[in-house]
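> Residue-level listing of the chains:
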Amino acid sequence: MKTFFAARMDRCIGCQSCSLACARLVHKRLSWETAGIRIGSSGGISTGFEARVCLACDPPPCAAVCPTGSITPRKKDGGIKQDRKLCIRCGKCVKACPVDAIAVDELHNPYICLHCGRCVPFCPHNCLELAEKSAADLIQEEVEE
Amino acid sequence: MIRSDFRVMLVDLSARKTHIETLPGRETYLGGSGLAAMLFEKYGDPAAAYSDPRQPLIFAIGPLTGYYPLMSKTVCGFLSPYHGQYAESHAGGRSALALRFADMDALVVVGRASVPCVLSIGTQHMEIKDAPFLWGKDVFTTGKMVRRMFSGSGHRSILRIGPAGENGCAYACINVDTYRHFGRLGSGAVMGAKNLKAIAIVGDGSFPLPEGKTYARDFQEVYTQLTETSMMSKYHDLGTAGNVAALNELKSLPWRNLQATTDPERINGISGEKFAKDMLLRNTACSGCPVGCIHIGYLREKFMADNRYLYRQVAYDYEPIFALGSMLGMGDGFGVLGLMDCVEREGLDCMSGGVALAWATEALEKGLITEAETLTPLAFGEAAGYKAAIRHLGAGTNEFYRLLAQGTLKAARHYKGEDFACVLGQEMAGYATGETFFVSESLSFRHSHLDSSAYSADQKKQDKDAAKIVAGFVQDEASRCVLTSMVGCLFARGVYTEERMKTALISLGYQGVAENLTAAGEAIQKLRWRLRLRSGYDPLAARIPKRYTEIVTWKGPIDTVYMEELRQAYAARLLALGREESAGADG
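Which chain is which? The protein sequence lines are W and S, in order.
Quick note on this note's numbering: the first sequence kicks off at 1 and runs consecutively.
Quick note on this note's numbering: the second sequence kicks off at 1 and runs consecutively.
Since the hints were derived computationally from the structure, they do not count as laboratory data.
For each residue, glycine too, the CB sits at the ideal point set by N, CA and C.
Label pairs and their calculated CB-CB ranges: (1) R493(S) x R118(W): 24 to 32 Å; (2) Q511(S) x L86(W): 37 to 45 Å; (3) E301(S) x T72(W): 52 to 60 Å; (4) Q511(S) x R118(W): 27 to 35 Å; (5) G69(W) x M231(S): 45 to 53 Å; (6) E106(W) x E301(S): 43 to 51 Å; (7) M231(S) x P98(W): 39 to 47 Å; (8) S42(W) x G367(S): 47 to 55 Å; (9) P98(W) x L375(S): 54 to 62 Å; (10) G91(W) x A15(S): 35 to 43 Å.
List time: in silico SDA-like cross-link candidates among lysine to any residue, alpha-carbon distance up to 25 Å: (11) K234(S) x S46(W); (12) K28(W) x F219(S); (13) K502(S) x L25(W); (14) K468(S) x I558(S); (15) K234(S) x T224(S); (16) K28(W) x D103(S); (17) K95(W) x T123(S); (18) K28(W) x T123(S); (19) K85(W) x F207(S); (20) K17(S) x E106(W); (21) K144(S) x S41(W); (22) K28(W) x S4(S); (23) K28(W) x Y223(S).
Pulled out of the complex, with its shape left as it was, chain W reads as follows:
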């Protein structure tokens, strides 16, 4: 099962095209916040950027605490599926995430990466990857031409 990786974030230029694409294409919103991947500086822009995104925990602690079955584990390889209709906006998933990867909007709706990979083609520096966990290329040594 393919999984999304913010694989090469040391290349990131902070354009946030990935977050904006996730908000726009997956969640039909214009926002920095309501997206499965969010980009921030790691302590000011001079220090580079980091992605706050689901790391595909297996099993996922957010799914374990979801009281309604709105968030459930994927069949394999970690990560979650989400059924928004079942969500009661209790916020337990947000607290359970160990890496602050779940965003909420002003109505407390949670936004989590669904590992769909729709953000990947919007990265101009090829920082992002959708791949089988075993095949993910987390460090790319060769210069791309």
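Let chain W serve as the given structure and place chain S on it in line with the hints.
Chain S only, in chain W's frame:
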């Protein structure tokens, strides 16, 4: 949010209160440049001083901001301390998208805080925190402290000033998110006069997108054009610094206070190619722009024995390389990065700061001033003296630096060095390309190389037809008014044709705006000129200093007769554009 009215946050620092104003006029004023001018007409007083607490400091975005890539600029409108007239300055970073996501078309700051303060705004908050402890702090320290004072990393924009803005330097900039600036004409001093050290704009909102497939299709078309064609590659590759060697080759790069237009040796140390090979650390981008034109250079400095080093990251571009490099006779790129870093700390506009020190160096050489004035030796190519001078300029250490900080021409008048003051409306941009550019920058609205394509026109053979050139200036400005009202990056002007902007507007439901786009651009152009003239501008009085008549470009010596003819023709046309009776009618 997509709306026909403008939603404007008006913050009064004196009263420590804010009002949300809903104002009509989208089809007429569009946003950005048009909206800033509309708001200055409403809140500003063209007859009062820039430091009058009532004067507004305006930040405006446009209808396409955030909805399309490279629609990532904010327009700052203010009464300039440089010339006492209405002015605009543009910046990127995250400021534009932060305003969009904070759900405001413009932020207007009026009043004056009783003590130095920091303003934070978002969709659900407005907070003014007293911050006297930040006064006197440089731009970088201020940025770091403001980051700690408020939450929201990555999803906010931090605007701040350095000592230059606090001390009323007429070309103090507002630094945006470390590497971008509202650079020119002194918006930083307007912030300083308000006792406003920094503004944090938190983009915490989320908005629905238009239904249907049209918007998604239009976005994808623009994105593909920007990223999969070669249209933008030069901005990413060497960046604007790629022009340094090209203009030197064309005998159009100002060297040593424009005593020369080319230097076959020193160019090798400061070309874009040299920067990319030896100094480029990485690129970064404005939010919403996949191009990533911001080039960050790496500077390693030994500060103590036993191999104790520190490193700095300094954004470079064509203009700072010109102003703090060739203009100061510098042939060492690392030295230039060091000067850029000093200018950033003080919160000075790099172009004005560099050109002012180039004038001071020649004035010192000629004996018009002495080291009693400069407090440090100044010599072309010597970085150490310039570093000290930059600090004096930011601090306003003595009368000489306080006068120089009001503008090179003001100091030049006092010390009798006007002939070699490289001032074209303000300290020149880095294009000694010829008559067309010199006239354009001297007279145009922002006194910017981005007001028209004059520097590009100068690089090609053209007829010396003043009427035709002036018509081109005027048409170019009107068309740029549309793009800077959306608000798009001017680097994307090849992608965002008027047709493309109309399609984009229609996809968002702005049918009426799209239909009125050309007329609105022309009306905004006239409104800006009316505001400029009302605040005291006399284009007929603008003069081009003697130095510009003495240079040689690839075309040969400057044709002074033609330059004067062009200057007079353009000045007369600007007076017509700004006539009061032209409001709402053809001028």
